[in-house]
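Undergrad: In case you want the letters, here they are:
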Amino acid sequence: MPMPISLQQLREKIGALQTGGSRDVFYWKNGSLEIPRGALVELTGDCTLEWLCGFFRESPSLNVFWAEPEFTLLPTALAQRGVNLERFLFAETGGTSLQSSLFKALRLALRGQVFECLVAPHLRFAHSLEEEKTLKTLQLLAEKANSTVFFTTSGSEVIATATEPRGPAAWPIAMRLKTERIPDDGISITVLKDKMRGIA
Amino acid sequence: MSHSPTPLRIACLWFSSPLKNGELERFAETCLRFSPQIALRARQAIFIEIGKSRTLFSEEAFIRRVRVLLRRFGLSVSGAVRSRAIDALLAARYGSHLPEALPLEALALVLDPFGIREKEDELPATEKMTVALQALGLRSLHDFMSLPPHELPSRFGAEGRLCRLHLERGEFTWPTFIPQEVIEESRDLADDEACGTLEPLLFYAKTLLDRLFARLHGRGLRLTRLQARFELERFSTVRKPVHEWDFDLMLPQGSTSGVLPILRERWDRDLQHEPLEALVTRLHFTVMETVAGYDGQKNFFHAREDQTEKMNAVASHLRESLGADKVFRASLVEDRIPEKSWRKLEKNERPAALDLSDRIPLRPTRILQPETIEVSANQVTFRRRRWRIERRSEVERISAHWLDGLQVRHYVRLDLEHGPSLWVFEDANGTFLQGVFE
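If you read the protein sequences in the order shown, they are chains B and Z.
The opening residue of the first sequence carries number 1 in our numbering; numbering runs sequentially from there.
The opening residue of the second sequence carries number 201 in our numbering; numbering runs sequentially from there.
There could be a bad hint or two in this list.
To list a few chain B residues with every Cβ distance to chain Z over 10 Å, as calculated [as the list claims (entries may be wrong)]:
1) L7
2) W28
3) T137
With a cut-off of at most 30 Å between alpha-carbon atoms, the simulated DSSO-like pairs for lysine-lysine come out as follows [as the list claims (entries may be wrong)]:
4) B:K133 with Z:K526
5) Z:K406 with B:K104
6) B:K133 with B:K144
7) Z:K540 with Z:K526
8) Z:K220 with B:K104
9) Z:K510 with Z:K544
10) B:K178 with Z:K406
11) Z:K510 with B:K104
12) B:K29 with B:K178
13) B:K178 with B:K136
14) B:K144 with B:K104
15) Z:K547 with Z:K510
16) Z:K526 with B:K136
17) Z:K406 with Z:K526
18) Z:K510 with Z:K406
19) B:K136 with Z:K510
20) Z:K406 with Z:K440
21) Z:K526 with Z:K544
22) Z:K406 with Z:K547
23) B:K29 with B:K133
24) B:K136 with B:K104
25) Z:K440 with B:K144
26) B:K104 with B:K133
27) B:K144 with B:K178
28) B:K144 with Z:K540
29) Z:K220 with Z:K406
30) Z:K526 with Z:K510
31) B:K178 with B:K133
32) Z:K547 with Z:K526
33) B:K29 with B:K144
34) B:K104 with Z:K526
35) B:K133 with Z:K510
36) B:K144 with Z:K510
Among the chain Z residues that face chain B by a calculated CB cut under 7 Å, a handful are [what the hints assert, rightly or not]:
37) L518
38) F528
39) I537
40) S541
Hints in this document: simulated from the structure, not taken from any laboratory.
Positions of the beta carbon are idealized from the N, C-alpha and C atoms, including for glycine.
Take these sequences, add in the hints, and give me the full structure.
TA: What follows is the structure, given as structure tokens:
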């Protein structure tokens, strides 16, 4: 009679968890948080960019590609927070189909294998299967390039959706973080999903 | 304290069949990577002094690298490296520089190693002398060297004396080599090569670009603007016999691998829109703009130059794919108006080193199109949603740019309870949300 299989083992079988393997990581705040390389990371909450600024300030040698369909980022704000803009390449993808233009830009940047980090608003397609296929493509490319793709909320979404993440993270996303402002301009981080540590 | 001069090591490349017009000069340009001291013998030989570069590469490495370049240009040579230019030339041409092994015909090269005196339609000045020497029963340069020197002028004139001096001393003034002003490469496609589709065109383009970049590398330059031209078969039905493209690259490129994807992207798009009406019979590339390349040798311990090269290639490809002004680097501008506090960098421009950390208050991470917002004493209403204000910053008054019609704005940061921090301003027209501290 076959042995019953646990939910944890089932998740590992479909790639929803990646425990046991050793992977490259970026360390944040002296190792208090490990951000996987070659993976997709989703950032939610009300201070995602503030947290990213802190992350890039700690690793000033990273080459970063920052793409947005409509460019609302203020580079001055990044520089004020100690980020080295010389290593940033920005793209306003625009186009008639916003999501596919953004996907194309990310795909090209990942294929170049020169950026350690990519930042983009979350890709949202009308059809969930299309979204998962797109994310899976990016995950494979990110793995090959050993780059981390950070998905953030877009400018208008920040106000519209407030702080709560929308539904569960798509399965190609390796890590989902929630950022929250704490008194004295601090930021707290909650790991909502981490395939490496078995949090799903 | 006196320094002994660096011993000369001169490489000579001898092309067995005379090259086409300008071909030798083009190849000589690529050899500038080894040494700036280069001289040509018209359409037949290149001299390169590599003795002073001996700490940069060995003679074996030099020979290997020259072989690669020759393959790229589809050329074959015989070559030699010796301490004197005349020896290198004779060894490259006849396989040895020893007088015993050299025929009397070699006197033509001995008299005029750089081909300065020689005119294309005239016989070499040594022709008569060679015939006379052969009539006397002399067979090699060794026999010539055994003649008493004082008899040479009376028997063979100044040429005889000069040949002797050149063989004994081997000292010459090198003619200056000046590379061509315009860097261009073209290829005429034969009847069986003519093509009208993208892949074969890219195949031929790659060979030309390889040569182009080898020449640029020799001159220490990198490409920033390139013009490409297709010439089609001349039929009466062909309305546009010449297609031209101007590639204005975002960042300087130093290799074919960076430029070829950009060409593919543009040609693919344009040829779908406007297909070629006949086969392409000639491809032509012209370098329109360049910038200075890397200052020195590649660093042995890191691959930063390679990384920069790859980065430039990806950035230029993204620019080609997304649009000219859509991919950019940013630089800060000393301006309090948020939307004017940064600008897109022009191509090849370095960002300004500006520290704004203490000069202006902290700016929001996102800047939105100003949108009306209602702000009361302790709450804000935006798009029918309400938030309680937790904290308010001091008011920042920005009054610049009155010439552009911008009014005085009073900015304030509002930290919301269970919501993002907003950056709103008030002017004569009302209160507007302009930024988010995300």
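Undergrad: Decide, hint by hint, whether the structure agrees.
TA: Verification of the hints:
With 10 Å as the threshold on Cβ separation, the claim that L7 (chain B) sits away from chain Z holds: the shortest Cβ distance comes to roughly 33 Å. Look at W28 (chain B): its CB is around 18 Å from the nearest CB on chain Z, clear of 10 Å, so calling it non-interface holds up. Separation of T137 (chain B) from chain Z is adequate, the least Cβ-Cβ distance of about 17 Å exceeding the 10 Å criterion. Annotation: proposed proximity of K133 (chain B) to K526 (chain Z) holds, straight-line Cα distance about 26 Å (limit 30 Å).
Proximity of K406 (chain Z) to K104 (chain B) is assessed by CA-CA distance (about 25 Å); at most 30 Å being required, the pair is judged to hold. Taking the CA atoms of K133 (chain B) and K144 (chain B), the gap is about 17 Å. The hint holds against a cut of 30 Å. Distance hint between K540 (chain Z) and K526 (chain Z) is fulfilled; the C-alpha atoms sit about 18 Å from each other, no more than 30 Å. Between K220 (chain Z) and K104 (chain B) the alpha-carbon distance is near 46 Å, which puts this suggested pair outside the 30 Å criterion.
Pair hint K510 (chain Z) plus K544 (chain Z) holds up; C-alpha atoms about 21 Å apart against a cutoff of 30 Å. For the hint pairing K178 (chain B) with K406 (chain Z), the CA-to-CA distance comes to about 49 Å; that exceeds 30 Å, so the pair is violated. Distance hint between K510 (chain Z) and K104 (chain B) is fulfilled; the C-alpha atoms sit about 19 Å from each other, no more than 30 Å. The hinted pair formed by K29 (chain B) and K178 (chain B) meets the criterion: a straight-line CA distance of about 16 Å does not exceed 30 Å.
Simply put, K178 (chain B) and K136 (chain B) have alpha-carbon atoms about 22 Å apart, close enough for the 30 Å limit, and the pair holds. Taking the CA atoms of K144 (chain B) and K104 (chain B), the gap is about 17 Å. The hint holds against a cut of 30 Å. Of the pairs offered as hints, the one joining K547 (chain Z) and K510 (chain Z) holds, with about 16 Å between alpha carbons and a cut-off of 30 Å not exceeded. The suggested pairing of K526 (chain Z) with K136 (chain B) holds, with an alpha-carbon distance near 26 Å, which does not exceed 30 Å.
This hinted pair checks out: K406 (chain Z) and K526 (chain Z) have alpha carbons roughly 27 Å apart, not beyond 30 Å. A C-alpha spacing of about 18 Å is found between K510 (chain Z) and K406 (chain Z), which places the hinted pair at or below 30 Å, so the restraint holds. Taken as a hint, the K136 (chain B) and K510 (chain Z) pair is honoured in the structure, with Cα atoms around 25 Å apart against an allowance of 30 Å. At most 30 Å may separate the alpha-carbon atoms for a hinted pair to count; K406 (chain Z) and K440 (chain Z) meet this at roughly 24 Å.
Simply put, K526 (chain Z) and K544 (chain Z) have alpha-carbon atoms about 10 Å apart, close enough for the 30 Å limit, and the pair holds. Restraint check for K406 (chain Z) and K547 (chain Z): the C-alpha separation of about 25 Å stays at or below 30 Å, so the hint holds. About 33 Å separates the Cα atoms of K29 (chain B) and K133 (chain B), which puts this hinted pair outside 30 Å; it is violated. Among the hinted pairs, K136 (chain B) with K104 (chain B) is consistent with the structure: their alpha-carbon atoms are about 14 Å apart, no more than 30 Å.
Under the criterion of a C-alpha separation no larger than 30 Å, the hint pairing K440 (chain Z) with K144 (chain B) is inconsistent with the structure, at around 44 Å. For the hint pairing K104 (chain B) with K133 (chain B), the CA-to-CA distance comes to about 14 Å; that is within 30 Å, so the pair holds. Restraint check for K144 (chain B) and K178 (chain B): satisfied, since their Cα atoms lie roughly 26 Å apart, inside the 30 Å limit. This hinted pair does not check out: K144 (chain B) and K540 (chain Z) have alpha carbons roughly 38 Å apart, beyond 30 Å.
For the hint pairing K220 (chain Z) with K406 (chain Z), the CA-to-CA distance comes to about 21 Å; that is within 30 Å, so the pair holds. Distance check on the hinted pair: K526 (chain Z) and K510 (chain Z) sit about 19 Å apart at the alpha-carbon level, within 30 Å; holds. For the hint pairing K178 (chain B) with K133 (chain B), the CA-to-CA distance comes to about 24 Å; that is within 30 Å, so the pair holds. A C-alpha spacing of about 13 Å is found between K547 (chain Z) and K526 (chain Z), which places the hinted pair at or below 30 Å, so the restraint holds.
A threshold of 30 Å between alpha carbons decides the hint, and for K29 (chain B) with K144 (chain B) the separation of about 26 Å falls inside it, so the pair holds. Distance check on the hinted pair: K104 (chain B) and K526 (chain Z) sit about 13 Å apart at the alpha-carbon level, within 30 Å; holds. As the CA atoms of K133 (chain B) and K510 (chain Z) are separated by approximately 28 Å, the hinted pair is consistent with the 30 Å bound. Only pairs whose Cα atoms come within 30 Å are accepted, and K144 (chain B) paired with K510 (chain Z) is accepted, the gap being roughly 16 Å.
Here the hint on L518 (chain Z) is kept, as its CB sits about 6 Å from the closest CB of chain B, short of 7 Å. About 6 Å separates the beta-carbon of F528 (chain Z) from the nearest beta-carbon of chain B, less than 7 Å, and the hint is met. Annotation: I537 (chain Z) was flagged as interfacial toward chain B, and the flag is violated, the nearest CB pair being 10 Å apart, outside 7 Å. The restraint placing S541 (chain Z) at the interface with chain B holds, with a minimum CB-CB distance near 4 Å, inside the 7 Å limit.
The structure shown violates the earlier hints numbered 8, 10, 23, 25, 28, 39.
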